[in-house]
Amino acid sequence: MVGAACALYAARAGLDVIVVDRGPVAGGTTGAGEGNLLVSDKEPGPELELALLSGRLWTELAEEIGDAVEYEHKGGVVVASTSDGLEALETFATGQRAAGVEAVRVDAGRLRELEPHLAPGLAGGVLYPQDAQVMPTLAAAHLLRASGARLFTGAAVTEVLRGADGAVRGVRTGRGEIHAPHVVNAAGTWGGELAALAGVSLPVLPRRGFVLVTEPLPRRVHHKVYAADYVADVASDSAALQTSPVVEGTAAGPVLIGATRERVGFDRSLSLPALRALAKGATRLFPFLERVRAMRTYFGFRPYMPDHLPAIGPDARVPGLFHACGHEGAGIGLSTGTGQLIAQVLTGHAPELGLAPFRPDRFPASASTASTSDSEEAS
Amino acid sequence: MNPLELVRAEPGPAFTVTLDGREIEALPGQTVAAALWTAGVTSWRTTRGEGRPRGMFCGIGVCFDCLVTVNDRPNQRACLMPLRPGDAIRTQEGTGHDD
Amino acid sequence: MTEPSLAVIGAGPAGLAATLAAATRGIRVTLLDSAAEAGGQFYRQPAPGLGARRPQALHHQWRTWERLRDGLRAHVQAGTVRHMTDHHVWFVERRGTDGFAVHALVGPEQEQPAEVRATAVLLATGGYEKVLPFPGWTLPGVVTAGGAQAMLKGGLVLPGRTAVVAGTGPLLLPVATGLAAAGATVAALVESADPKSFARRSRALAGQPGKVAEGARYTGQLLRHRVRTLLHHTVVAAHGAERLEAVTIAALDRDGRVRQDTRRRLVCDTLAVSHGMLPHTDLADALGCRVDGTDVSVDDEQRTDVPGVWAAGETTGIGGSALSLAEGHIAGRSIAARLAGRAPDPGEWAAAARTRDGLRAFFAAVDSVYAPPAHWAEQVTDGTVVCRCEEVSAGAVREAVHELGAGDLRTVKLLTRAGMGWCQGRVCGSGVAGVAGCAETAGRRPFARPVPLGVLARAGETEEQ
Numbered sequence: 001m002v003g004a005a006c007a008l009y010a011a012r013a014g015l016d017v018i019v020v021d022r023g024p025v026a027g028g029t030t031g032a033g034e035g036n037l038l039v040s041d042k043e044p045g046p047e048l049e050l051a052l053l054s055g056r057l058w059t060e061l062a063e064e065i066g067d068a069v070e071y072e073h074k075g076g077v078v079v080a081s082t083s084d085g086l087e088a089l090e091t092f093a094t095g096q097r098a099a100g101v102e103a104v105r106v107d108a109g110r111l112r113e114l115e116p117h118l119a120p121g122l123a124g125g126v127l128y129p130q131d132a133q134v135m136p137t138l139a140a141a142h143l144l145r146a147s148g149a150r151l152f153t154g155a156a157v158t159e160v161l162r163g164a165d166g167a168v169r170g171v172r173t174g175r176g177e178i179h180a181p182h183v184v185n186a187a188g189t190w191g192g193e194l195a196a197l198a199g200v201s202l203p204v205l206p207r208r209g210f211v212l213v214t215e216p217l218p219r220r221v222h223h224k225v226y227a228a229d230y231v232a233d234v235a236s237d238s239a240a241l242q243t244s245p246v247v248e249g250t251a252a253g254p255v256l257i258g259a260t261r262e263r264v265g266f267d268r269s270l271s272l273p274a275l276r277a278l279a280k281g282a283t284r285l286f287p288f289l290e291r292v293r294a295m296r297t298y299f300g301f302r303p304y305m306p307d308h309l310p311a312i313g314p315d316a317r318v319p320g321l322f323h324a325c326g327h328e329g330a331g332i333g334l335s336t337g338t339g340q341l342i343a344q345v346l347t348g349h350a351p352e353l354g355l356a357p358f359r360p361d362r363f364p365a366s367a368s369t370a371s372t373s374d375s376e377e378a379s
Numbered sequence: 001m002n003p004l005e006l007v008r009a010e011p012g013p014a015f016t017v018t019l020d021g022r023e024i025e026a027l028p029g030q031t032v033a034a035a036l037w038t039a040g041v042t043s044w045r046t047t048r049g050e051g052r053p054r055g056m057f058c059g060i061g062v063c064f065d066c067l068v069t070v071n072d073r074p075n076q077r078a079c080l081m082p083l084r085p086g087d088a089i090r091t092q093e094g095t096g097h098d099d
Numbered sequence: 001m002t003e004p005s006l007a008v009i010g011a012g013p014a015g016l017a018a019t020l021a022a023a024t025r026g027i028r029v030t031l032l033d034s035a036a037e038a039g040g041q042f043y044r045q046p047a048p049g050l051g052a053r054r055p056q057a058l059h060h061q062w063r064t065w066e067r068l069r070d071g072l073r074a075h076v077q078a079g080t081v082r083h084m085t086d087h088h089v090w091f092v093e094r095r096g097t098d099g100f101a102v103h104a105l106v107g108p109e110q111e112q113p114a115e116v117r118a119t120a121v122l123l124a125t126g127g128y129e130k131v132l133p134f135p136g137w138t139l140p141g142v143v144t145a146g147g148a149q150a151m152l153k154g155g156l157v158l159p160g161r162t163a164v165v166a167g168t169g170p171l172l173l174p175v176a177t178g179l180a181a182a183g184a185t186v187a188a189l190v191e192s193a194d195p196k197s198f199a200r201r202s203r204a205l206a207g208q209p210g211k212v213a214e215g216a217r218y219t220g221q222l223l224r225h226r227v228r229t230l231l232h233h234t235v236v237a238a239h240g241a242e243r244l245e246a247v248t249i250a251a252l253d254r255d256g257r258v259r260q261d262t263r264r265r266l267v268c269d270t271l272a273v274s275h276g277m278l279p280h281t282d283l284a285d286a287l288g289c290r291v292d293g294t295d296v297s298v299d300d301e302q303r304t305d306v307p308g309v310w311a312a313g314e315t316t317g318i319g320g321s322a323l324s325l326a327e328g329h330i331a332g333r334s335i336a337a338r339l340a341g342r343a344p345d346p347g348e349w350a351a352a353a354r355t356r357d358g359l360r361a362f363f364a365a366v367d368s369v370y371a372p373p374a375h376w377a378e379q380v381t382d383g384t385v386v387c388r389c390e391e392v393s394a395g396a397v398r399e400a401v402h403e404l405g406a407g408d409l410r411t412v413k414l415l416t417r418a419g420m421g422w423c424q425g426r427v428c429g430s431g432v433a434g435v436a437g438c439a440e441t442a443g444r445r446p447f448a449r450p451v452p453l454g455v456l457a458r459a460g461e462t463e464e465q
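Residue numbers (our numbering), protein chains in the order written: chain A, 1 to 379; chain B, 1 to 99; chain C, 1 to 465.
Same shape as in the complex, but just chain A:
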């Protein structure tokens, strides 16, 4: 998804773009995502700024291809079970409002109007009208089509080509060499492997997530709904946000419940405890789901970085190499802003957000992995 967005905005900035992927379109984490475009779960800071920029860009894109990518400006509702929880939520929302987020406090009565099937007895919540949704695979495919970029799927990058001066001059793939003065690493969870091919370390690690999909239903869940309660972590004197799964209805009928977060490497076996936790959280919020059947589950590997911020921008260590990966569970939502920022720096313009927090070389060098890579584009 991030690669597709980079391709779109780079092409619109006048660059000639080739997109290379070792698999099919959306074959990595994108195809396993829910398509969340969320501001509600982000605290004030660089990620929230990127989310707000991305949200504006998604709104613009929706006018062109909204139906094709199942864009739905449905809004998010974060609920609290207790009045203390609600106060904590409100405090969080106050900070977000100052950063430009629309956040509307709703009482218990209003909550039931917004979501009539919610469990009784909830204290209230906060409505986030800017939260939205796309179908991620369709989004990636349609952004690529709109970009007009040349697409090389099923072509793994085996080498990042560099000139005598060390600058990038293209990539070698299973289908031949592609020459370009700029290479953008948008390989998501496998971004560290691509970086290693260019001789630099980028600590992108997998964080597995399962999503549950129910039988098709009439629309009973209208927003993206999840519960949030702050649990004070006394030892570290910091507050950790404990969230329940996000429950949402879809245009196609099924309710999506996602997602778990586990650091288990690239383990592809099914975890019943993880699925149990999802089902528990969802049925607690929406008791009617007890008898609704889960038809399937799928999982993906989010690309996370040690400080939970993506790597966006030029890599000072390798001229011509840019990174756009490591968005953890927010890559679909943050893709448009990322693509825009990448296009701006590729064309020599000042990026509209400061890229310092996203600097790819902000981590101390560590052992880098080497293997094949996933997805990136040259421009």
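Read the hints as simulated data drawn from the structure, not as lab findings. The C-beta atom is built at its ideal place from N, Cα and C for all residues, glycine as well. Take the hints with a grain of salt, since some may be wrong.
Claimed, not checked - Partial list, derived from the structure: chain A residues whose beta carbon lies under 10 Å from chain C:
#	residue
1	G31
2	L138
3	R296
4	V345
Fit chains B and C to the known structure of chain A by using the hints.
Quick look at chains B and C alone, frame taken from chain A:
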């Protein structure tokens, strides 16, 4: 010849169930699909997209084409669900869920 | 867990043979099956309430069935086998050193959970029919050939008065003769295989004299019921407004394309169609067992590559009931030895192994003879629904390939929803792959059955009940 004659069946007494309120007869042990076929009914569901009629297809519970509402429980597979006297079968539309 | 135990999933020929072989050798067996009676698809029995006095009129190899049935009864009475009917297994969980937990839903409603713990698991989940799409195939009255047979065997009902049996494969013969014997008029048996390929494979086929005799018997029955057999023909389309009224059939040319000048219409109210069989591999795949193409991969002892998990019967590759019996028998003996802590002596099951080898070779030949027309996908018009659940048209699938860059089944699914519905692509997988022009791969279905979220929310938490 009919199938009952072929295996020299001596079924227990027939009983009555309803399809959309209309009474039809069923034999003990028969599934919803079998009773509906016997009554000459071959479709009991319309699809949620195009509203097209559907009935039995795979007969062994794999395809979910024969979904039907039985005693207000939607999305039951007619090919698997045995009937009991008085069961109320309803033609199912769309997702089978109200609202 | 005190003594080693085995959970057998599926009470068809393979599951029954394994159950008997293991239980006879002292293993405590729990046999779980979704049906109310043992037998699987091949030995599907009429519901007891129907009082069939001669169910064998609908069956072959009845004596074998009697032996399996009586053996199971004896073990159940002796308490050495627990037979859990109406148990729909949705997931088998590995529990480390604890062995396995088999998660099932009970009864036709499939709402109440049940959990069975076992040291070892045998997957004998059988297969289901493959049907390729054609215009009109979603009309009521179009059923799978096996579905028509299942309804006849289990419910003693016919889908209509006048049937066409069509497609390809050895299943078409018993279905056509069964429907005719039960009183339906079979207007035609339309088989797309080319008689010349039978001739080419005659040596491999003749290696199984029992199978040749079986074929001859069906041919006799077809003649007796005056069923017209049209080889190297195909159904081009099914017609009707709200239900099936007629089909158009046509001959195939040498390349497997429809000869347009041979199209003709047959009036019928039933089309029983089949293009072969596919194994149920969901449970195996979710356990992490290797699946080769569409078949669960096993070794000579019927072991999968996951310790403690065996597989037998159609789930390891389509090959009919006799092969399933042989595989089940071998699996049961292997399990009995391994759970007793010793390596089995394959000499003990040499006869079954010979049967297995012979039948695998035979069915490999059968597979190469019975094939859908090479260019069947050309007959699928853009407006034809290929994914029955989500009503995805062939045109949408082609657009995903040609306009959006999809080149594999998973991407086609994500872009079109084909395969995302109730059946999870079991029915449309082959058809969508064919229309898309991509390889057919076994779909990943972590839940073998839809499971209520309330059940999932508690699954695996409780100790064995």
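Hints, verified against the model:
no.	hint	result
1	G31	5 Å, holds
2	L138	6 Å, holds
3	R296	6 Å, holds
4	V345	27 Å, violated
Of the numbered hints listed earlier, the single one contradicted by the structure is hint 4.
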